[in-house]
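Each chain, written out:
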Amino acid sequence: MSAGVRGCPTCGSGNATNSPRCWVCGAVLGTAPEHSEVAPAILADDGSTRALRIAGWSALLLGLGFTALLIAVQLALEWPGLLVPYALVVLVAFVALARTAWVQIRRRPAVATAAAQAGPPRAGVSGVDVAQGIALGLAIAIAVIAGLLLLALAGLVIFFLICLALLGGMQLH
Amino acid sequence: MAGPSPPTPWHVTERLASLRGEERANGLRVLGVTVFYAIEVLNYRGLSLGPLELPRVEGVDTTFHAAATALAVAWMAVAAAVLVAVKNRIFPPALKYLSTALDLVLVTAVLTLADGPRSPMLVVLFLVLVLAGLRLSRGLVLFATGGAALGYLFLLGDVLVRRPELAVPAHFQITTLAALLLCGGVVYAILAEVRRAVDVYAALERRPTPKDEAAP
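So the protein lines, in turn, are chains A and B. Number 37 in the numbering used here belongs to position 37 of the first sequence; there are no gaps in the numbering. Number 240 in the numbering used here belongs to position 67 of the second sequence; there are no gaps in the numbering.
Since the hints were made in silico from the structure, they are not lab data. For each residue, glycine too, the CB sits at the ideal point set by N, CA and C. Take these hints with a grain of salt, some might be off.
[Said to hold, decoys possible] Label-pair ranges, simulated between beta-carbon atoms: (1) A:Gly155 <-> B:Ala352: 46 to 54 Å; (2) A:Ser58 <-> B:Leu355: 46 to 54 Å; (3) A:Ala143 <-> B:Ala351: 22 to 30 Å; (4) A:Leu52 <-> B:Asp372: 29 to 37 Å; (5) A:Ile142 <-> B:Arg218: 36 to 44 Å.
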């Protein structure tokens, strides 16, 4: 089941289906509407398409990822002992971000009609969505760490080969 | 028993605009930190790519690089936390004040590490002020203006006590302080005008049209 958005019966703004209260006006959600007017659709959702949401998240995650990687390289060069706590912080942050991004991208459009608002509340963000998002974040983090380890390993092998070549040259002389 | 009164149209408009503004401000925060940290790394390490040669900048030593890296980590953590909160609609009214305060503290910290009031990064204080306007909250603009002015005064005090060689002339100090306050005033005036425009528009919308009056 995917995540949905529900319009507030009082002010019409979009809320996650599992929100107990409206984030705009604080009204309790899941109750019958107190006001009969149908809120404009612009209040119920930001109107962004799925492609736009994916583009926005990609830009944000690329920016954050680039800076996180740049910082990791600086730590590896200057203070390698700090890499482990830093990796833990980055891992937690990126798992939370991936979970949120996944749920947002799979979000359905807002419920705009009065009949739909008055109906029974639908299930909110499901455990499957959350688990998929966390798995995505972990997979990306593990792939990045594996890539960095491979790079480090390749660097060690190259260093070893250069040392061997230099030693061989010295023995020839 | 009557329930709670419905929110006014302005309250709903302000909350929605605050959320969108916070999202945009956070995107710009990520972009800003990425660009400024990349420049700092280039200044520290230098760059040599054939014809493209960027020498190391004198004065950017390991201590400065360590402090800049720590600040970049803190700023990215703030950006990630705000992003997760805003996207999940965890948006208490205090969040915009908190994120703006953290921006001001971190900018002041970067400026304190760098050349203080002589640093070109001083313009970031103005950027924080303008970003406050993006949230459509006049209270936040006043808060950001006061915070930016305090941050600048802190920088002046810091160079006066610790590094007198970085002090700037009095006319420069007064001009910059006045520019900060005026910038805040202009953003505040824009928001006041937007508020008035919304009220006028709402009043005109409520006015009965000739078609309504003709109906029985």
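Results of checking the hints against the structure:
Between glycine 155 of chain A and alanine 352 of chain B the beta carbon distance is about 50 Å. The supplied range of 46 to 54 Å therefore holds. Separation of serine 58 of chain A from leucine 355 of chain B is about 38 Å and departs from the stated range, judged on CB atoms against 46 to 54 Å. Roughly 52 Å separates the CB atoms of alanine 143 of chain A and alanine 351 of chain B, a value that falls outside the hinted 22 to 30 Å. A hinted range of 29 to 37 Å for the beta carbons of leucine 52 of chain A and aspartate 372 of chain B is consistent with their spacing of about 31 Å.
For isoleucine 142 of chain A and arginine 218 of chain B, the Cβ-Cβ distance of about 29 Å falls outside the hinted range of 36 to 44 Å, so the restraint is violated.
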